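Novice: Chains as they are written, first to last, in the numbering used here: chain A, 3 to 381; chain B, 20 to 156.
By construction, these hints were calculated from the structure, which means they are not laboratory data.
The structure presented is a predicted model; accordingly, all values stated were derived computationally and were not measured.
Cβ coordinates follow ideal geometry from the N, Cα and C atoms, glycine included.
Check the hints yourself; a few may be wrong.
Computed footprint of chain B on chain A; a stretch qualifies when at least three of its residues, placed anywhere within it, have a C-beta under 8 Å from a C-beta of chain B [to be verified]:
1) 125–137
2) 143–149
3) 194–206
4) 245–255
Below, in silico cross-link-like pairs of lysine to aspartate or glutamate (DMTMM-like), each with a Cα-Cα straight-line distance of 20 Å or less [claimed, not checked]:
5) A:K316 / A:E301
6) A:K152 / B:E141
7) A:K100 / A:E18
8) A:K223 / A:E95
9) B:K42 / B:D144
10) B:K42 / B:D143
11) A:K152 / B:D144
12) B:K72 / B:D52
13) B:K81 / B:E33
14) A:K152 / B:D132
15) B:K77 / B:E127
16) B:K42 / B:E136
17) B:K134 / B:E108
18) B:K29 / A:D124
19) A:K152 / A:D50
20) A:K152 / B:D52
21) A:K223 / A:E18
22) B:K42 / A:D48
23) B:K145 / A:E95
24) B:K29 / B:E136
25) A:K272 / A:D182
Reference excerpt, derived from the structure (chain B facing chain A, CB under 10 Å, subset only) [to be verified]:
26) Y85
27) S86
28) P96
29) L129
30) D132
31) L142
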Amino acid sequence: MRRNQVAVVGAAETTELGVIPNMSQLQLHADAALNAIADAGLKLSDIDGFATAVETPQQVCHYLGIKPTWVDGTSVGGCSFMLHVRHAAAAIEAGLCKTVLITHAESGKSMIGKLPRSIPADSLQGQFEAPYGVYGPPSMFPIPVLRFMKTYGITHEQLASVAVVQREWAAKNPRAMMKDPITVADVLNSRMIAYPFRLLQCCLVTDGGGALILTSADRAKDFPRKPVYIMGTGESVETPMVSQMETFNSSRAFKTAGPLAFKEAGIAHKDVDHLMIYDAFAHLPLFGLGDLGFMPHEETGKFIADGNTRPGGKLPLNTNGGGLSYMHSGMYGMYALQESVRQMRGIAPAQVANAKISVCHGVGGMFAASGTIVFTNER
Amino acid sequence: MAEPQRARPKPTPETQHFWDGTKAGELRLQRCDACAHVYFPPRPFCPSCASRKVSTFKASGKGFLYSYVINHRPAAPGFTPPYAIAVVELDEGPRMMSNIIDCPQTPEALELDMKLEVAFQELDDKIPLPVFRPAQG
């Protein structure tokens, strides 16, 4: 795909984030979509392309009254929306549609109108993982951590510092769920969830949603908001079974998607002003920094513990507070994208001064899938 | 109402030989006749070279502790926390999820790279589950 041919011209989250007991999951989609439409100065009838995950495109399109000529229901977990951005950019360039709406919403906390997630007993996961007591992401996502720590000499304190630094960013975001400062000791004394991870190293569980609107870069200049261009994109999948990853020392999906996006964007790591790495759990930023090639994995824990990713640090990372402190409805990728767009528009609550390039890296499932988007505000 | 049960595997045509194996006290893996690749979970073709000529064989049942979590909450139905969910690397190469028995479920006792050997846990009279214990001697 050619760089900077497609732009984000509308972006918004749901009116409320956190605990939203008065809205179903489907209505959260609509709330986010209507906010994004208003942000872009469009009407719903202007939308001719639509993508969403978990809920089907037909469900959300019917509810909103959208009549699309292009749809994408790619649903690979929390990074589905990065893949939607990539697919939408390709579709717009190919002329399949002109204006794409991407929605995410999840009633992750209130569980209103939320589709049940279950593992069939005759699936491979049902036969070869579920009988051993896995029960939700906290029991599965951290399984690689101890091996990763041993291979690279990463310490418990370094992994705790991820949560500490992100809380510093969250304190600058009025919409963040958790804003009170925490220390490494607080993290290491919080309730044990799945050793080696404690409560403050696991993402929040909240309600919310978000939506993006994309169109061609040529049309983007006529919209009310500053266009945010799609500079590079990458995607991949590995395995739905965390036990079957090629290695616990890195993620193959990360190592495929990340470099693809950098190559397409034609950028080097030193060009990155702002970085989002989907942090469902505290180890993900370490995997991301290593797998995206910012530094050897051995250095990732020290890099974060030394404050390089905190406010004022040389590589601002997860500037909304991340899934650990901002919000996490279950599929956080949309909120990482929203923060990258805010940073590129120059309107983020914790704005990185003069940021021109933002890398937004997502994970789906337990390292099952990955998508990376490089944004820029210069064409 | 009965207590929620521990999840039990339900074989498919492609995995039946594996679960027949646990009933016979064997951990069965598959090897490609064309490229010799040994793989898991079961399927009737080689995920490395796509050959449909594959053989099932009895694995040594030996391996080492690759990684794990000790799950505290929420606990899966049928489990009493804290309990370890482990990934074992088999001597033949593939890795599989499992539980570690005959061993305290603590970070001190569960040392990465410790040698393990397979055992078969009877969940009911239908399907024994392969689990691992610290290797003897």
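Novice: It remains to establish, for every hint, whether it holds in the given structure.
Specialist: To see whether the hints hold, each was checked on the structure:
With 11 residues having a beta carbon nearer than 8 Å to a beta carbon of chain B, the stretch 125–137 of chain A meets the requirement of three or more and the stated coverage holds. Under the rule that three or more residues need a Cβ within less than 8 Å of chain B, the assignment of the stretch 143–149 of chain A holds, with 6 such residues. Closer than 8 Å: that is the beta-carbon criterion, and the stretch 194–206 of chain A has 6 residues meeting it against chain B, so the requirement of 3 holds. Only residues whose C-beta sits within less than 8 Å of a C-beta in chain B count toward coverage, and the stretch 245–255 of chain A has 3 of them, enough to reach three; the restraint holds.
With a CA separation close to 15 Å, the supplied pair A:K316 and A:E301 stays within the 20 Å bound. For the given pair, A:K152 sits about 33 Å from B:E141 by alpha-carbon distance, which is inconsistent with the 20 Å threshold. Between the alpha carbons of A:K100 and A:E18 the distance comes to roughly 29 Å, so the proposed pair goes past 20 Å and is violated. With a C-alpha separation of about 16 Å, the suggested pair A:K223 and A:E95 falls inside the 20 Å cut-off, and the hint holds.
For the given pair, B:K42 sits about 9 Å from B:D144 by alpha-carbon distance, which is consistent with the 20 Å threshold. Our distance criterion of 20 Å between C-alpha atoms is met by B:K42 and B:D143, whose separation comes to about 11 Å. As the CA atoms of A:K152 and B:D144 are separated by approximately 39 Å, the hinted pair breaks the 20 Å bound. Annotation: proposed proximity of B:K72 to B:D52 holds, straight-line Cα distance about 6 Å (limit 20 Å).
The hinted pair formed by B:K81 and B:E33 fails the criterion: a straight-line CA distance of about 24 Å is larger than 20 Å. Straight-line distance between C-alpha atoms of A:K152 and B:D132 comes to about 10 Å, which keeps the hinted pair within the 20 Å bound. This hinted pair does not check out: B:K77 and B:E127 have alpha carbons roughly 32 Å apart, beyond 20 Å. Distance hint between B:K42 and B:E136 is fulfilled; the C-alpha atoms sit about 17 Å from each other, no more than 20 Å.
Taken as a hint, the B:K134 and B:E108 pair is honoured in the structure, with Cα atoms around 10 Å apart against an allowance of 20 Å. A hinted pair counts as satisfied when its Cα atoms are at most 20 Å apart, and B:K29 with A:D124 qualifies at roughly 5 Å. Using a Cα cut-off of 20 Å, the hinted pair A:K152 and A:D50 is violated, with the two alpha carbons roughly 50 Å apart. Simply put, A:K152 and B:D52 have alpha-carbon atoms about 36 Å apart, too far for the 20 Å limit, and the pair is violated.
The hinted pair formed by A:K223 and A:E18 fails the criterion: a straight-line CA distance of about 29 Å is larger than 20 Å. Simply put, B:K42 and A:D48 have alpha-carbon atoms about 61 Å apart, too far for the 20 Å limit, and the pair is violated. Between the alpha carbons of B:K145 and A:E95 the distance comes to roughly 56 Å, so the proposed pair goes past 20 Å and is violated. With a C-alpha separation of about 24 Å, the suggested pairing of B:K29 with B:E136 is violated against the 20 Å cut-off.
Of the supplied pair hints, the one linking A:K272 and A:D182 is violated, its CA atoms being roughly 32 Å apart against a limit of 20 Å. The closest approach between the C-beta of B:Y85 and any C-beta of chain A is roughly 6 Å, which is under the 10 Å cut-off, so the hint is satisfied. Look at B:S86: its Cβ gets to within about 4 Å of chain A, closer than 10 Å, so that hint holds up. Checking B:P96 against chain A by beta carbon gives a least distance of about 8 Å; that is within 10 Å, so the hint holds.
Interface hint status for B:L129: upheld, as the beta-carbon distance to the closest one in chain A is roughly 9 Å, under 10 Å. With 10 Å as the threshold, the beta carbon of B:D132 comes within range of chain A, its nearest partner Cβ sitting at about 8 Å, so the hint holds. Annotation: interface hint on B:L142 holds; nearest CB of chain A at approximately 7 Å, less than 10 Å.
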